[in-house]
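Q: These are the residues of each chain, in order.
4 protein chains.
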Amino acid sequence: MDRQDMLTTHPFDDDKLREECGIFGVSGASTASAMAALGLHALQHRGQEAAGITSWDGRAFHTHRAMGHVAGNFDNDEVIRALPGEVACGHVRYSTTGETSLRNVQPLYADLASGGFAVAHNGNISNAMKLRRELVRRGSIFQSTSDTEVIIHLVATSNYRTLLDRFIDALKQVEGAYSLICMTPEGMIACRDPLGIRPLVMGRLGDAVLFASETVAFDVVGAEFVRSVDPGELIVVPHGAGADEIRTHRPFGEVSARPCIFEHVYFSRPDSIVDGSSVYSVRKEIGAQLALENPVDADYVIPVPDSGVPAAIGYAQQSGIPFELGIIRSHYIGRTFIQPGDKVRHLGVKLKHNANRALIDGKRIVLIDDSIVRGTTSLKIVQMMREAGAKEVHMRIASPPTRHSCFYGVDTPERAKLLAHKLNIPGMRDFIQADSLAFLSIDGLYKALGEAKRADIRPQYCDACFTGDYPTSLTDQDEAEVRDQLELLSERVV
Amino acid sequence: MDRQDMLTTHPFDDDKLREECGIFGVSGASTASAMAALGLHALQHRGQEAAGITSWDGRAFHTHRAMGHVAGNFDNDEVIRALPGEVACGHVRYSTTGETSLRNVQPLYADLASGGFAVAHNGNISNAMKLRRELVRRGSIFQSTSDTEVIIHLVATSNYRTLLDRFIDALKQVEGAYSLICMTPEGMIACRDPLGIRPLVMGRLGDAVLFASETVAFDVVGAEFVRSVDPGELIVVPHGAGADEIRTHRPFGEVSARPCIFEHVYFSRPDSIVDGSSVYSVRKEIGAQLALENPVDADYVIPVPDSGVPAAIGYAQQSGIPFELGIIRSHYIGRTFIQPGDKVRHLGVKLKHNANRALIDGKRIVLIDDSIVRGTTSLKIVQMMREAGAKEVHMRIASPPTRHSCFYGVDTPERAKLLAHKLNIPGMRDFIQADSLAFLSIDGLYKALGEAKRADIRPQYCDACFTGDYPTSLTDQDEAEVRDQLELLSERVV
Amino acid sequence: MDRQDMLTTHPFDDDKLREECGIFGVSGASTASAMAALGLHALQHRGQEAAGITSWDGRAFHTHRAMGHVAGNFDNDEVIRALPGEVACGHVRYSTTGETSLRNVQPLYADLASGGFAVAHNGNISNAMKLRRELVRRGSIFQSTSDTEVIIHLVATSNYRTLLDRFIDALKQVEGAYSLICMTPEGMIACRDPLGIRPLVMGRLGDAVLFASETVAFDVVGAEFVRSVDPGELIVVPHGAGADEIRTHRPFGEVSARPCIFEHVYFSRPDSIVDGSSVYSVRKEIGAQLALENPVDADYVIPVPDSGVPAAIGYAQQSGIPFELGIIRSHYIGRTFIQPGDKVRHLGVKLKHNANRALIDGKRIVLIDDSIVRGTTSLKIVQMMREAGAKEVHMRIASPPTRHSCFYGVDTPERAKLLAHKLNIPGMRDFIQADSLAFLSIDGLYKALGEAKRADIRPQYCDACFTGDYPTSLTDQDEAEVRDQLELLSERVV
Amino acid sequence: MDRQDMLTTHPFDDDKLREECGIFGVSGASTASAMAALGLHALQHRGQEAAGITSWDGRAFHTHRAMGHVAGNFDNDEVIRALPGEVACGHVRYSTTGETSLRNVQPLYADLASGGFAVAHNGNISNAMKLRRELVRRGSIFQSTSDTEVIIHLVATSNYRTLLDRFIDALKQVEGAYSLICMTPEGMIACRDPLGIRPLVMGRLGDAVLFASETVAFDVVGAEFVRSVDPGELIVVPHGAGADEIRTHRPFGEVSARPCIFEHVYFSRPDSIVDGSSVYSVRKEIGAQLALENPVDADYVIPVPDSGVPAAIGYAQQSGIPFELGIIRSHYIGRTFIQPGDKVRHLGVKLKHNANRALIDGKRIVLIDDSIVRGTTSLKIVQMMREAGAKEVHMRIASPPTRHSCFYGVDTPERAKLLAHKLNIPGMRDFIQADSLAFLSIDGLYKALGEAKRADIRPQYCDACFTGDYPTSLTDQDEAEVRDQLELLSERVV
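Chains as they are written, first to last, in UniProt numbering: chain A, 1 to 494; chain B, 1 to 494; chain C, 1 to 494; chain D, 1 to 494.
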């Protein structure tokens, strides 16, 4: 049977931008690795392909890495017991740079002259290829194809004396987006790139200090959210130190922060607080803005589950049109079924979504979704609504058109595959076969975030996926052939 | 580490009644087993412990059974190719009678003198133990501890001549609840017990005839819902017959039907049509009745996800209080994590649910849930709401108090563990620490289903879990010691 | 890649007759199942496809069955702990009747009215198909395709009252070969068919009573060999009884025994005592007889390892020609390798055997093997010797030509594939490309066993594979089409 | 159950010196990796803990590494197909330096500035720890704890220009024993340390060039043995070159070779040719020398199987005492069984060996074994012989007493555990409870190898395990604490 006959679904659609990574660290907790497992589980939506945890027990580092989810790999006694100590960090990942094989799964680890060094990274180094070539030329041997490993070799070969100076020396050579949690025999280091593109928050539980990509990771372990790590901030937590002995450094010059705006649109969980805002409230406000900007006369507001739900509630409350579950989402998804002949249309989407036919039949509906990437899923959902008898189908999207790729650690299709790059809005409407289609404006999005409008000179967020306005240089992207070269050189481990 | 330190969650809570089984059959489709796999996947919520499919290729029966979900076991090419033929039936199960080991996974199969005989059963035979003892005394050898196998031995040893007569002879000896899909070398047989306690629907896709526990299984394969199989009806679909050649039999005397009312409250998917009603609409109507019967002054209506959502929408629309997502449900659950010390409270519930703290803080909320079984989860959710800052927590339950066990194929705790058996409503309110607690009345439930009220002489539904009014005799239950005896005799396969 | 490009070897050659089963039982030992695991491991040469152990702990039976070897399945603590009790029996098997799937792996088990009944069987019931059809006609439902299950159903449906009488009633209806070890809630039963075709020995270890196919199973657990179970003897060991309370029964009329002669030629381990004779001594004597009957002028006597070694030592000592290792056998075999192009000749045999080239080159050699079945391996070994430089290759076989199939539980190819059925001895010599070929005479074989000659009227052994003189009727064989019919009826479990 | 109740056996006894590695390489064969799999399978006796193969397809390197045997990991189509190309090298290993985890399994691989570099190593670098510390100090990051990785980093950081010069530069810095097969994008490199301590042979099959630890790896693929690689020789086979274009280098000054003498005593397979001698012939000659030096009056010569067999044949032929199989070895070993109570004595040895009781009883026997390491197995075998009724048990050992550890890649116990270090010969005799015990003299061993005697000034072999005369300096051994330090620094991957 041909591969094309196979149908696949994922908990997060192939037709979504995929967040690349989630990171978690804890210092000073008696069962640090059990806490890390829970924290990573709460961050699972940020990366489902692999997970890893490294712990430090005062004498040695212990690591377990595995392909797949946190649950199933880190929920058994034996694994957690094999990760002893009061300090641990962990990582969940999608592959953005480097193929997904076990050697690329983080935390990465190296034995440096100063002792062990473990690192978990969310983001993407946009000059990693160039730095790698230079390092290899000088005799460094890479064990992964991950961009993150560049940082480690820069630390290993730095001419500075203390580990902290070597680490800062390394960071000053890299460009791009990074939130990092590192472990050394002396302590834990957490830092965020100067623009703060990727999120990182700090928490506390008794004497323990925690770091995570999102606050939901603190909720699951019962920790308290303290504050966001600042863009360009580097925090050192010495082992055995009380929460009060942590030291903060700001090694970079003053730069305006530009955190990723898409965290608010889709990536983060609605129950997280991102850079000071409740994600759920922002999304509801986005829905309200969308209703104001793009009203429509209809019987029901229907969310595309689950990511469209908060915006749909906001849209319904603003417009007064009733919010209803017109699409039911299955809890049992994630694999590939054999298609039984050509009679079954749109099977992939049906494994995940089913029309609530009794509700929809004969009605005019507004569908609310967070974004359109390739548009293939939107098309299938509109068709499913029509087959269920919908009289009119109006699509409202809770963000501006996604027209540009991300090079900061988000798995976007190449630009040519983005529907909004290929078509204007009427063209997109025709493609997805909706009766009408409208997007939130870029200023509407900033309004929902509490800004008056986008500051065009010095924008408050990184919104490159909507605007193409990339806040850093993109060295490797400009030398794109390097990537292929790397792939040829590297061993394929089978 | 002790077992008590382990924390477990399930996609459907331990503190819910669990549906026992889903069944699916298709005759006359070129890739019957692929269709069965999809149909069972859509019925996965009815049983997650094991699944099986049997196909008939015109010469031989082929069966694959596996512990675990349909996805992961029946979504690969090799398995489906090893199940050839145009006729197939399948089963997903929880164990209600008989431990869950592979030999109890259905479809069950036997070589009779008339040829092979496969059966998939939803329900529970309430005199199975008694019949089994008699059969063993006469020389029958059982291969499973499943109640379903009794039916097969009754067929094998019947004195009637044709298989159909032998089958009817067998059914007349059993009491309890059963929806059955059987396969023989001549055709497929679908039937429902005289009271129609468990659901069974018929569908059509081109020339193919389909049977399933719920209509969602037809949606996923693109089939059309034709009608419910009637209580006491037995339908024969000869192999190779067109959809028009199916024959219907009614071997039992006229009895008033009493389908399970809990299918509408919780078991069935909201997008299914059960005995003529849209489950989603009924649940919204239940929510509206609940608002009428038990109003409360509050800021938000919050569903306990996901089963409480439709009733919460109904409650919100009726009461005018805004519907909000105050509890966020994780998509990544289903395993057991190690608890990191005693600092983490309510971890089990937190793995699945997290409070939307920014929304809840300082607010008066109405929580809507479908039922209370043991009450342990309700307690934890109320506590979670309070820890998130809720000012008042009012619990409203979308069904009457669950005071009695089910003996018709639903996995209920023994009666002594049901909170509503142990405590009156004020006692329950104190137990779950809510500010107020109210249940839907039994007549309110019947009203939501379109009845004026419960017909106390000849009730329209089986509502024994609420009323204790069991519609059949419970032979084995009255001889409860038999079960232990069975367990002693049987081989433990390890 | 086509299956024909795959090369496979087995510890025991595809080109050997394969013993079908080994059985082991122990009553009265504190860790009966651990003892059974060891005993079966020592009997592993009698069957490598599957293994099983059933224990009785005074209240319940516990069984574990697995495809594959004893080591790897029964050498872990958890499995053995899940098989508690002082009584256990076990089985290793090749499939002779019935495909090899888990449901055919023994011990078989059934819940009878008298309680549980487990049985491990070495042999083959030659009228099993006929009995099965009759039982199914009367309503019995079979769970396996194994001939052994017939015995259980005959017991279940017998009209006698006590289990022992029912068991004897069953045995009187079966024909063929059987050594059986059974377990009931009352005790262990061991018995051997009236002709004693398959072996069975009794041992003792302190108060524990043991039964096994071969004495090596006693050696490994440190037990003492007491005696062979007599042909037609049935021994009952009540649970908890001292070794002195065992009771013996002889339910069959007096018949001359005819134990399998091939046990001495190949099946049994050389360190076993079979029906009173040391297998090693008999094989050496066979080698000596072979040297007397078929002398040859040569430089070295070379065994085909490992089964030809004892006869080769006997041949060398009798002839005065030096015994040398001209073929080295690898210890690492048992799988399938990909053939690297067509340059590698005879790869299958080379994975297992390699010529000791430095020894062989330029020499005249006598190869000693135990038997020739299809002849394909003999051909490859002769060719390997020639490629290694052997000047002359003389093949001497330590048994008469194998011209007939076995129907008593040995996996023989159908008769048409036996080289000795197709060709006379000169033809066989040409086929295997040897310079000369000779077999031991049938009387020579009997002489090696201490007899004057074969008693043609009432032969001392079953030698049907050499002579075609079958000691029982072969009902199923005479109705061979039945087997196909069975295959069509039965469910294929995938 | 305590670990001490578990009993384990290995195909090669725990009480043997264990060879550490086998290596194989082939260049110019259309299915190089399939050939490597076969070659490694034939070398499996040299290392059973892990195996790996790297191939080069003209564009990229492909590697598969696995814990366990070659069979089971490299005998399936998919794995071999994932290793395309005409050049491949492979490795089987015991862990001698570095724990056995997947990252230590060879071939090791690195991306150098010159392209990929893969290496398979047999031997041990005796100054690896010291070199590693220096490299780490300069910024190199190690991915394994294997001594072999030092070579790669020395190449990566060398100041020479061509890869060949860098490689020679690296080799000149290491001390110890190494036979290496390397692959680069230009070609294959095979070399042997200046003393030739570990073996390496060259073969040919058509145009393909092969390298292996032993000639048996050529036999299995049908290749021709060409010659041994000389001590200190480095051979380059450019990709695509004919067999005639290979180039040989001799970068080291002239040194007398000292190949390992124990290869002849035990490590190599009897059908291999090692440094010009047939291993089988040498072992028979060892047996003959042993009979001349240490005669005894006895009934039978009994080999301890399988390693003692050739020497036993030599002893028997020289002494005229009959060679007999008094110990039968099981083919089914390799796991751990649960000990059933304390009644079973010497279970470990019995799983592997069983006395041929019928032969031994009442006889005086000479046991022939290759060596005594800890002596524990010898004791058990002597006891087993006595329990089987042996009247006298005389032990003769086919090598001198093993008094010193090996630091050249052989897994020897620390010196304090060697029986011959702790006791003199009468003490050893008492320990193993034999009636007499004698060893071959060191000069007798050299005689069996065709030398007049050991040349004490410049010995012909490395015989340090017998004499303590180590041919290289042992830098790391003199700084033994370094090893512990390494263990503390390195990450434990779980």
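Calculated directly from the structure, the hints in this document are not laboratory data.
A virtual CB, placed ideally from N, CA and C, is assigned to each residue, including glycine.
Check before you lean on any hint, since a few could be wrong.
To be verified - Computed list of lysine-lysine pairs in DSS-like fashion (alpha-carbon distance at most 27 Å, straight line):
(1) B:K352 <-> A:K16
(2) C:K352 <-> D:K391
(3) A:K352 <-> B:K391
(4) A:K447 <-> B:K352
(5) D:K130 <-> C:K447
(6) D:K422 <-> D:K380
(7) B:K380 <-> B:K391
(8) C:K352 <-> D:K130
(9) B:K422 <-> B:K172
(10) D:K352 <-> C:K16
(11) A:K363 <-> B:K447
(12) B:K352 <-> B:K16
(13) D:K422 <-> D:K130
(14) C:K422 <-> C:K363
(15) B:K447 <-> B:K16
(16) D:K130 <-> D:K172
(17) B:K363 <-> B:K352
(18) B:K391 <-> B:K453
(19) D:K352 <-> C:K363
(20) A:K352 <-> A:K363
(21) B:K447 <-> A:K352
(22) C:K380 <-> C:K447
(23) A:K391 <-> A:K447
Said to hold, decoys possible - Covered by chain D, per the in silico footprint, the following chain A stretches (three or more residues, Cβ under 8 Å):
(24) 107 to 115
(25) 148 to 157
(26) 261 to 267
Stated by the list, open to error - Pulled from the structure, derived: some chain D residues nowhere near chain C, Cβ distances all over 10 Å:
(27) T31
(28) G116
(29) P322
(30) Q433
(31) S436
Q: For each hint, tell me whether it holds in the structure or not.
A: For each hint, the structure was consulted:
1. A C-alpha spacing of about 23 Å is found between K352 of chain B and K16 of chain A, which places the hinted pair at or below 27 Å, so the restraint holds.
2. Among the hinted pairs, K352 of chain C with K391 of chain D is inconsistent with the structure: their alpha-carbon atoms are about 37 Å apart, more than 27 Å.
3. For the given pair, K352 of chain A sits about 37 Å from K391 of chain B by alpha-carbon distance, which is inconsistent with the 27 Å threshold.
4. Of the supplied pair hints, the one linking K447 of chain A and K352 of chain B is violated, its CA atoms being roughly 32 Å apart against a limit of 27 Å.
5. Between K130 of chain D and K447 of chain C the CA atoms are separated by roughly 71 Å; this puts the pair beyond 27 Å, and the hint is violated.
6. Taking the CA atoms of K422 of chain D and K380 of chain D, the gap is about 19 Å. The hint holds against a cut of 27 Å.
7. This hinted pair checks out: K380 of chain B and K391 of chain B have alpha carbons roughly 16 Å apart, not beyond 27 Å.
8. About 43 Å separates the Cα atoms of K352 of chain C and K130 of chain D, which puts this hinted pair outside 27 Å; it is violated.
9. Restraint check for K422 of chain B and K172 of chain B: the C-alpha separation of about 37 Å exceeds 27 Å, so the hint is violated.
10. At most 27 Å may separate the alpha-carbon atoms for a hinted pair to count; K352 of chain D and K16 of chain C meet this at roughly 23 Å.
11. Simply put, K363 of chain A and K447 of chain B have alpha-carbon atoms about 25 Å apart, close enough for the 27 Å limit, and the pair holds.
12. Of the supplied pair hints, the one linking K352 of chain B and K16 of chain B holds, its CA atoms being roughly 14 Å apart against a limit of 27 Å.
13. A threshold of 27 Å between alpha carbons decides the hint, and for K422 of chain D with K130 of chain D the separation of about 31 Å lies outside it, so the pair is violated.
14. Of the supplied pair hints, the one linking K422 of chain C and K363 of chain C is violated, its CA atoms being roughly 31 Å apart against a limit of 27 Å.
15. Proximity of K447 of chain B to K16 of chain B is assessed by CA-CA distance (about 24 Å); at most 27 Å being required, the pair is judged to hold.
16. For the hint pairing K130 of chain D with K172 of chain D, the CA-to-CA distance comes to about 15 Å; that is within 27 Å, so the pair holds.
17. As the CA atoms of K363 of chain B and K352 of chain B are separated by approximately 22 Å, the hinted pair is consistent with the 27 Å bound.
18. About 36 Å separates the Cα atoms of K391 of chain B and K453 of chain B, which puts this hinted pair outside 27 Å; it is violated.
19. With a C-alpha separation of about 34 Å, the suggested pair K352 of chain D and K363 of chain C falls outside the 27 Å cut-off, and the hint is violated.
20. With a C-alpha separation of about 22 Å, the suggested pair K352 of chain A and K363 of chain A falls inside the 27 Å cut-off, and the hint holds.
21. A distance of roughly 32 Å separates the Cα atoms of K447 of chain B and K352 of chain A; the hinted pair therefore is violated under the 27 Å criterion.
22. At roughly 31 Å between alpha-carbon atoms, K380 of chain C and K447 of chain C are farther apart than 27 Å, so this suggested pair is violated.
23. For the hint linking K391 of chain A to K447 of chain A, the alpha-carbon distance of about 33 Å lies beyond 27 Å, and the restraint is violated.
24. Against chain D, the region 107 to 115 of chain A contributes 6 residues with a C-beta closer than 8 Å to a partner C-beta. That satisfies the three-residue criterion, and the hint holds.
25. With a cut-off of 8 Å between beta carbons, the region 148 to 157 of chain A has 4 residues touching chain D; three or more are needed, and the interface restraint holds.
26. Given as covered by chain D, the region 261 to 267 of chain A fails the check, having 0 residues with a CB less than 8 Å from a CB of that chain where 3 are the minimum.
27. Consistency note on T31 of chain D: stated as away from chain C, yet its beta-carbon is not over 10 Å from all of that chain's, at 4 Å minimum.
28. With a least beta-carbon separation of about 23 Å from chain C, G116 of chain D lies farther than 10 Å from that chain, consistent with its non-interface assignment.
29. Some Cβ of chain C comes within 10 Å of the Cβ of P322 of chain D; the nearest lies about 7 Å off, and the non-interface call is violated.
30. At roughly 18 Å, the least C-beta separation between Q433 of chain D and chain C is larger than 10 Å, which holds for a residue marked as non-interface.
31. Taking the minimum C-beta to C-beta distance to chain C, about 25 Å, the non-interface status of S436 of chain D holds against the 10 Å cut.
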